[in-house]
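Undergrad: Please construct the entire structure, taking both the sequences and the accompanying hints into account.
So the chains spell out like this:
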Amino acid sequence: MPFGNTHNNFKLNYKVEEEFPDLSKHNNHMAKVLTKEIYGKLRDKQTPSGYTLDDVIQTGVDNPGHPFIMTVGCVAGDEESYEVFKDLLDPIISDRHGGYKSTDKHKTDLNFENLKGGDDLDPNYVLSSRVRTGRSIKGYTLPPHNSRGERRAIEKLAVEALTSLDGEFKGKYYPLKSMTDAEQEQLISDHFLFDKPVSPLLTCAGMARDWPDARGIWHNDNKTFLVWVNEEDHLRVISMQKGGNMREVFRRFCVGLQKIEEIFKKHNHGFMWNEHLGYILTCPSNLGTGLRGGVHVKLPKLSTHPKFEEILTRLRLQKRGTGGVDTASVGGVFDISNADRLGSSEVEQVQLVVDGVKLMVEMEKKLEKGEAIDGMIPAQK
Amino acid sequence: MASSFTRILSSKRNVGILSLVGGSVAAGFLLHREHVTAGEPLRRRYPASAEYPDLRKHNNCMASNLTPAIYAKLCDKATPNGYTIDQAIQTGVDNPGHPFIKTVGLVAGDEESYEVFADLLDPVIKERHNGYDPRVMKHPTDLNATKIQSGVFDERYVLSSRVRTGRSIRGLSLPPACTRAERREVERVVVDALSGLKGDLAGKYYSLTLMTEQEQQQLIDDHFLFDKPVSPLLTCAGMARDWPDARGIWHNNEKTFLIWINEEDHTRVISMEKGGNMKRVFERFCRGLKEVERLIQERGWEFMWNERLGYILTCPSNLGTGLRAGVHVKLPRLGKDPRFSKILDNLRLQKRGTGGVDTAAVGGVFDISNLDRLGQSEVQLVQTVIDGVNYLIECEKRLEKGQDIKVPAPLKQFNH
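Note that the protein sequences, when read in sequence, are chains A and B.
Counted the way full-length UniProt numbering counts, the first sequence spans residues 1 to 381.
Counted the way full-length UniProt numbering counts, the second sequence spans residues 1 to 416.
Don't read these hints as lab results, they were simulated from the structure.
Honestly, I wouldn't trust all of these hints.
Listed below are the simulated DMTMM-like cross-link pairs for lysine to aspartate or glutamate, each with C-alpha atoms no more than 25 Å apart in a straight line [to be verified]:
id: 1; chain 1: B; residue 1: Lys204; chain 2: B; residue 2: Glu254
id: 2; chain 1: A; residue 1: Lys319; chain 2: A; residue 2: Asp355
id: 3; chain 1: A; residue 1: Lys156; chain 2: B; residue 2: Glu51
id: 4; chain 1: B; residue 1: Lys57; chain 2: A; residue 2: Asp181
id: 5; chain 1: B; residue 1: Lys77; chain 2: A; residue 2: Asp213
id: 6; chain 1: A; residue 1: Lys25; chain 2: B; residue 2: Glu213
id: 7; chain 1: A; residue 1: Lys25; chain 2: B; residue 2: Glu215
id: 8; chain 1: B; residue 1: Lys204; chain 2: B; residue 2: Asp192
id: 9; chain 1: A; residue 1: Lys32; chain 2: B; residue 2: Glu215
id: 10; chain 1: B; residue 1: Lys57; chain 2: A; residue 2: Asp195
id: 11; chain 1: B; residue 1: Lys204; chain 2: A; residue 2: Asp22
id: 12; chain 1: A; residue 1: Lys170; chain 2: A; residue 2: Glu113
id: 13; chain 1: A; residue 1: Lys138; chain 2: B; residue 2: Glu51
id: 14; chain 1: A; residue 1: Lys172; chain 2: B; residue 2: Asp54
id: 15; chain 1: B; residue 1: Lys228; chain 2: A; residue 2: Glu183
id: 16; chain 1: A; residue 1: Lys381; chain 2: A; residue 2: Glu348
id: 17; chain 1: A; residue 1: Lys242; chain 2: A; residue 2: Asp122
id: 18; chain 1: A; residue 1: Lys15; chain 2: B; residue 2: Asp192
id: 19; chain 1: A; residue 1: Lys107; chain 2: A; residue 2: Glu80
id: 20; chain 1: B; residue 1: Lys204; chain 2: A; residue 2: Glu18
id: 21; chain 1: A; residue 1: Lys196; chain 2: B; residue 2: Asp227
id: 22; chain 1: B; residue 1: Lys77; chain 2: A; residue 2: Glu368
id: 23; chain 1: A; residue 1: Lys25; chain 2: B; residue 2: Asp245
id: 24; chain 1: A; residue 1: Lys223; chain 2: A; residue 2: Glu168
id: 25; chain 1: A; residue 1: Lys45; chain 2: B; residue 2: Asp245
id: 26; chain 1: A; residue 1: Lys156; chain 2: B; residue 2: Asp54
id: 27; chain 1: A; residue 1: Lys25; chain 2: B; residue 2: Asp227
id: 28; chain 1: B; residue 1: Lys57; chain 2: A; residue 2: Glu155
id: 29; chain 1: A; residue 1: Lys177; chain 2: B; residue 2: Glu51
id: 30; chain 1: A; residue 1: Lys177; chain 2: B; residue 2: Asp54
id: 31; chain 1: A; residue 1: Lys172; chain 2: A; residue 2: Asp221
id: 32; chain 1: B; residue 1: Lys57; chain 2: A; residue 2: Glu183
id: 33; chain 1: B; residue 1: Lys57; chain 2: A; residue 2: Asp213
id: 34; chain 1: B; residue 1: Lys228; chain 2: A; residue 2: Glu348
Per the computed footprint, the stretches of chain B lying under chain A, defined by three or more beta-carbons under 8 Å from a beta-carbon of chain A, are [what the hints assert, rightly or not]:
id: 35; region: 83–97
id: 36; region: 173–184
id: 37; region: 235–244
id: 38; region: 347–353
Backbone N, C-alpha and C define an ideal beta-carbon position, used for all residues, glycine too.
TA: Printed below as a string of structure tokens:
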């Protein structure tokens, strides 16, 4: 799974040089790390569910990458991929996650009370706040590899868990394949609906197979807590609201996640997690917390300041356009979020966003008054 | 052709045709390929009913024929390459189809797919090929171009003539399932053979990975260059993997004989020229094909073929001859006549726009070609196109003079 070549073991009759992919025009983490030696060592291995090295790297072979953006170029098919293919994945993880070593331990902290401040971001600048992460259900293979039967079982478990929530989390599930036109319109207007992936980064990894079977969206009645089922990960969990109260968004995020996790544990299907890699997700870039906490913030002056990129780097933040990754900013509004995922906790990452955005808004205000901001530029965090 | 044939076994690799459930592939030679096991994967933990795809919104040949019972029977089988029914049908599950166009919805990963998954493939083939029953019928192959009659069209109407087919190299997996090494071997085998072509067939190979910008522009201007597939019908079947590795275009110096390597099939072979001399186009087609076959046989290889299904290609729609013979022809009046579709049907022809399948006709110019692929020989199909196009031109001439036209009687389909 998912493609025919992966159980085609006649390839082992060929020498490594004959099978090794041509990566001469490639610029992604996989292409930087994969040597003929590593390929030769791993090519006859598979995980217990049958995922192979060629499966792991196919998306990176098919998508050479962008000269400026460094994509990961590989995916996991199951929890064991990170073990069986560690000779390839550990150096990629280290490269992608700031030198994280194979002996390092990752800290998980979902205690929202440990967050300082975060409820006072200026709503004249901060238009909306959002925290997302992913979770994988232990015992099932991941979206690049799973079969229809598995995916449906994951959906069934997820829906059982989510529909048992109450209070501020009481909500409803909308399966993609049977939603009405009216429901679809509403979900689009709310900016909740996710589309069939068109990005070749995802389709070449087999994640769009059998669409829209067993895919769906659950959200609470208040429309502030949302779960995507079987898109790029088993579950993507999103807490969001208009305005700058990141503290409240994070509280709801932590409380909701913990409630969901309890229910899954009761069914003997906890989340994939270990003390080295934190939460296990499909893409190695989302290991650790899998958390992206961010705001849509108006920074028309600061964003044109020559030191903007440097400020973001020092604050350990990244920018995206308001359509998400790979989009342009519109009207000086940027999506600003944490750059790190692995090696720091949820609280630490959201703290960086809260503190960093607060500082940048102050810088924006200074620039509006025509004042310099050189004295405010922070040290590297 | 593949009848009894002895092959010099190469020391590097040996290829095996294994006899499988449901009957053997009629091939003359036996080679031995080492199957290397990397350990048995944990197979599905769910019953077939939990894995059966949701095909309620689907309209393709696979969806019409894949019953839960057939799926249950086939879901645990695999070809010697490890190709499974789930992989074969993936493209049809992912692409429900169009209400008006019925796509096939499945592909073969290797020659053995047509045997191992015969319970699904045979009814699909029967539906797609208008009743041809692979369980009882035999497919005739005939590449003797001298049998063609009156194959030169009126060039006031016919702008260009073209014949295409595909060929697969026996012993190597097909584009949905091949590994990089296998694909590179296809390229090596074919390019090596093509370098032996002489005279009007002598030519040159342009690898997609190595071609210069100038070469690329020239190939685009000649309308020869093929792109990375974007159609989800192909990408969902895994045919674009590792692009552009081991893909390329070969053409003769005269630009009348062209071969695509490792696009949707191992090879696609095209003979074409401006004007209406279909006889010469077909003659070059047959001669070129036979030369290429001789050259690969010299090196110990052969094409996938059997007497049940003819030439084996990736898509079941291209079995048999895999042949599409067509012209670009000006039929501005006939094209608007309400009887046009019926006339084409009865002549066993199809129309396409001048951009190929799924395009519209421009300026009254139509791409007219044979509907059938399997159950009739190459000579029969090309003759059908010649006779049919001549009839269409007669109709256009009559309409020009204000005379009436007749819908011809429907042609018989299979001649056995």
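Undergrad: Just pull the numbers of the violated hints for me, sorted ascending.
TA: Going through the list in order, the structure violates hints 9, 15, 22, 34 and 38 and respects the others.
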